[in-house]
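Can you build the whole structure from these sequences, using the hints too?
Protein chains: 2
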Amino acid sequence: TSWVEYGADSHFPVQNIPFGAFARPDGVKVCGTRIGNSAVDLSAVIKAGLLPASEPWAVALMNEDLSAFMKMTRESWRAARYAIQALFVKEAESKWTAELRTAAMFPVASVTPQLPCTIGDYTDFYSSREHATNVGTMFRGKDNALQPNWLHLPVGYHGRSSTVVLSGTDVHRPYGQLQADAADPSKGSVFAPCKLMDFEVEVGAFVGGPANAMGTSVPIEGAWDRIFGFVMMNDWSARDIQKWEYVPLGPFTAKNLATSITPWIVTVDALEPFRCPTSAGAQIDPEPLPYLRDPQYSSFDLQLETSIQSDVDCKEGAVISRSNFRHMYWTPAQQLTHHSVSGCVMRAGDLLGSGTVSGDNDKSYGSMLELSWKGSKTVELGEGVTRKFLKDGDLVSMVGFCQGDGFRVGMGAVTGRVLPPTDLPPA
Amino acid sequence: TSWVEYGADSHFPVQNIPFGAFARPDGVKVCGTRIGNSAVDLSAVIKAGLLPASEPWAVALMNEDLSAFMKMTRESWRAARYAIQALFVKEAESKWTAELRTAAMFPVASVTPQLPCTIGDYTDFYSSREHATNVGTMFRGKDNALQPNWLHLPVGYHGRSSTVVLSGTDVHRPYGQLQADAADPSKGSVFAPCKLMDFEVEVGAFVGGPANAMGTSVPIEGAWDRIFGFVMMNDWSARDIQKWEYVPLGPFTAKNLATSITPWIVTVDALEPFRCPTSAGAQIDPEPLPYLRDPQYSSFDLQLETSIQSDVDCKEGAVISRSNFRHMYWTPAQQLTHHSVSGCVMRAGDLLGSGTVSGDNDKSYGSMLELSWKGSKTVELGEGVTRKFLKDGDLVSMVGFCQGDGFRVGMGAVTGRVLPPTDLPPA
Ligand SMILES: [Ca+2]
Ligand SMILES: [Ca+2]
Ligand SMILES: [Mg+2]
Ligand SMILES: [Mg+2]
Ligand code: NI
Numbered sequence: 168t169s170w171v172e173y174g175a176d177s178h179f180p181v182q183n184i185p186f187g188a189f190a191r192p193d194g195v196k197v198c199g200t201r202i203g204n205s206a207v208d209l210s211a212v213i214k215a216g217l218l219p220a221s222e223p224w225a226v227a228l229m230n231e232d233l234s235a236f237m238k239m240t241r242e243s244w245r246a247a248r249y250a251i252q253a254l255f256v257k258e259a260e261s262k263w264t265a266e267l268r269t270a271a272m273f274p275v276a277s278v279t280p281q282l283p284c285t286i287g288d289y290t291d292f293y294s295s296r297e298h299a300t301n302v303g304t305m306f307r308g309k310d311n312a313l314q315p316n317w318l319h320l321p322v323g324y325h326g327r328s329s330t331v332v333l334s335g336t337d338v339h340r341p342y343g344q345l346q347a348d349a350a351d352p353s354k355g356s357v358f359a360p361c362k363l364m365d366f367e368v369e370v371g372a373f374v375g376g377p378a379n380a381m382g383t384s385v386p387i388e389g390a391w392d393r394i395f396g397f398v399m400m401n402d403w404s405a406r407d408i409q410k411w412e413y414v415p416l417g418p419f420t421a422k423n424l425a426t427s428i429t430p431w432i433v434t435v436d437a438l439e440p441f442r443c444p445t446s447a448g449a450q451i452d453p454e455p456l457p458y459l460r461d462p463q464y465s466s467f468d469l470q471l472e473t474s475i476q477s478d479v480d481c482k483e484g485a486v487i488s489r490s491n492f493r494h495m496y497w498t499p500a501q502q503l504t505h506h507s508v509s510g511c512v513m514r515a516g517d518l519l520g521s522g523t524v525s526g527d528n529d530k531s532y533g534s535m536l537e538l539s540w541k542g543s544k545t546v547e548l549g550e551g552v553t554r555k556f557l558k559d560g561d562l563v564s565m566v567g568f569c570q571g572d573g574f575r576v577g578m579g580a581v582t583g584r585v586l587p588p589t590d591l592p593p594a
Numbered sequence: 168t169s170w171v172e173y174g175a176d177s178h179f180p181v182q183n184i185p186f187g188a189f190a191r192p193d194g195v196k197v198c199g200t201r202i203g204n205s206a207v208d209l210s211a212v213i214k215a216g217l218l219p220a221s222e223p224w225a226v227a228l229m230n231e232d233l234s235a236f237m238k239m240t241r242e243s244w245r246a247a248r249y250a251i252q253a254l255f256v257k258e259a260e261s262k263w264t265a266e267l268r269t270a271a272m273f274p275v276a277s278v279t280p281q282l283p284c285t286i287g288d289y290t291d292f293y294s295s296r297e298h299a300t301n302v303g304t305m306f307r308g309k310d311n312a313l314q315p316n317w318l319h320l321p322v323g324y325h326g327r328s329s330t331v332v333l334s335g336t337d338v339h340r341p342y343g344q345l346q347a348d349a350a351d352p353s354k355g356s357v358f359a360p361c362k363l364m365d366f367e368v369e370v371g372a373f374v375g376g377p378a379n380a381m382g383t384s385v386p387i388e389g390a391w392d393r394i395f396g397f398v399m400m401n402d403w404s405a406r407d408i409q410k411w412e413y414v415p416l417g418p419f420t421a422k423n424l425a426t427s428i429t430p431w432i433v434t435v436d437a438l439e440p441f442r443c444p445t446s447a448g449a450q451i452d453p454e455p456l457p458y459l460r461d462p463q464y465s466s467f468d469l470q471l472e473t474s475i476q477s478d479v480d481c482k483e484g485a486v487i488s489r490s491n492f493r494h495m496y497w498t499p500a501q502q503l504t505h506h507s508v509s510g511c512v513m514r515a516g517d518l519l520g521s522g523t524v525s526g527d528n529d530k531s532y533g534s535m536l537e538l539s540w541k542g543s544k545t546v547e548l549g550e551g552v553t554r555k556f557l558k559d560g561d562l563v564s565m566v567g568f569c570q571g572d573g574f575r576v577g578m579g580a581v582t583g584r585v586l587p588p589t590d591l592p593p594a
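Top to bottom, those sequences are chains A and B.
According to the numbering used here, the residues represented by the first sequence are 168 to 594, in order.
According to the numbering used here, the residues represented by the second sequence are 168 to 594, in order.
Read the hints as simulated data drawn from the structure, not as lab findings.
Mimicking DSSO-like on lysine-lysine, the simulated pairs with C-alpha atoms at most 27 Å apart in a straight line are: (1) A:Lys410 / B:Lys309; (2) B:Lys410 / A:Lys309; (3) A:Lys354 / B:Lys309; (4) A:Lys309 / B:Lys354; (5) A:Lys238 / B:Lys196; (6) A:Lys555 / A:Lys530; (7) A:Lys541 / A:Lys410; (8) B:Lys410 / A:Lys410; (9) A:Lys196 / B:Lys238.
All values derive from a computational prediction rather than experimental measurement.
Put into structure tokens, the structure is as follows:
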């Protein structure tokens, strides 16, 4: 247990010790961790002599964000995390003078979270079998739900890093092209705000470690060690824009409007105690090609809860989906290895979205598209309020946490409110 | 005319004055321009007092690359280029002391080109009607060649910025998944080196100027002013990998192996004298939606020549394709505006690939896929040597230039040799 006080439902107990970057109340940008409701300035802790200033990982943590630290190795991240964790156990309380507490620990509400690192490239996968089956069934029918390649490789596409934003960022309903006649694409398109605004519940994996050289790939055996950690992610999606534009090269403006993430990166080490079989159990039909066989094929028992809160319609947020990261068919290690199989350089700071995490029943789907089954059913928010897709003013919140024995290890919530389209559409 | 000597076929006469970044022979990284066969260190020219050191554009050009300069406005880029150009006309020769020539001008072969800027995001479009028609005809037949959306928006997809590399970088033939049975996707895939290695002749547009805020877009009226300039680009493509993986989210490992560009960015102002109608002439059937109507709908009379040279088979490079940037149906301004229509942030340094530039006859196609019509015909390299796709050892070279009256303005050549797959495939 820790000398810092927090409740049993905190996502940030001493068992977590995530990494992040924030601006202190005085505006200085630092690397930090979070415990309970405190954001901890690690540069101040290092300067105070509580962490070994000459260790390369401590030098890296003196920067404005985690970019340099994330380029190091899992051993370094582990050493840093254990050293920091040791400062928050009960026995270490006396090391924290009143001065240091004032200098290094801030109420989270008083600091401004920053993107944890430079995100060189962002990639979004499509690795929940239930999600791919649901979407495939809606658009191609039950018999052709999964494309022939889906069980052979983690399908993914390149996304847009310029619009990866932090939790709390509001998102305007986008303008775009919508197919004019749903039944007849030859009638062309109209310019209008998206009508089918949606979220996707995802878990983002940040790549870490030294980049592989172009033309080489990341072997599956080492791939978990190239994952720095995880965040919650909302992959905002404009379904009607997507439908019109995505053939044949994939989603584009339907996805690049915004992707929201939580600011604290929860390390693989913090999640290891919650490692569990995937809901698929094993990949046997078919067995993946040898380069994709993950010796650690598994996931984390990470519970995912999504709620919608609307100022207009109801006071409380209503949980509309409960899913779990176990429902991933392809692991982050497999995603990383496959991504690099053609020789693609994977850099520290690259972000890999898991793909929408849907479970096997209609209370566990990770998007309104699935929850409302393409708009054919209503989703209850309580007090008679319903949704098919998102309305302006809706605050979407997704939390992810692992339940331990009397504690939780989690990412916190990624939130974002849907704002109306901007006043001035493009001329 | 200039006091610097160069031939009438140089791509870098005084009429060009491109921008780039390079490491001098002493290793110092600087912003520069190129004239004839000299790379010019602009920081040295500024320090020598030949350019106004206090101008914000001159301050920006004192950095290691163009990232800061490209964030400025077209007015700044223009002021800088005109001031530099004025130093290279005959009348200005006396300003260049022997000392300054030694300090600031280097044979291009003695410097190491650098990426011109941090490339935040790279996007690849698909905007040549002839190319899209050719590919569509091959895979869906003549009657369904163009997808219904193609004439309504510039189709594009997000690419991978981590593997955008400079001309001269060798590219390993990638490993990946290939469909096991061409006729039956249900038979799954095999792991092997790509067999259908290809290039795509493209022109890359670098975005410049202050980024638009998320949720707003770049109006078409201002879009040309957000284009900093152009480079030649080879979008290396693994056709067999692409075929298996691209459904339904687009090309992924087939494209992220490498994208090669020329190091010198030729400005829009340098190309303005060569502005010309597109080969489509006008967009009337259908007319684009109002947000996409480009008041400057046009292109540049930029000639594109692609050659293959093989050490094994033949001594000279054989020109296998002559195309022209006129064959773009959608303009870079339309691409930029559409890219941002959903509120996507467009940052200085972002790279937009035009899409393969194919003309209307089989000597003007911009890829081996089209030149060999999906491998059904051979492409002659001379002396009886033929190709359907690229062989290991092939050096692909693409040049782009505008022909003036006694001079050329061009990007130079983007070259890259296909190397065999790396020795050690992923385990
Ligand atoms: Ca997604
Ligand atoms: Ca391309
Ligand atoms: Mg997104
Ligand atoms: Mg490419
Ligand atoms: Ni706004």
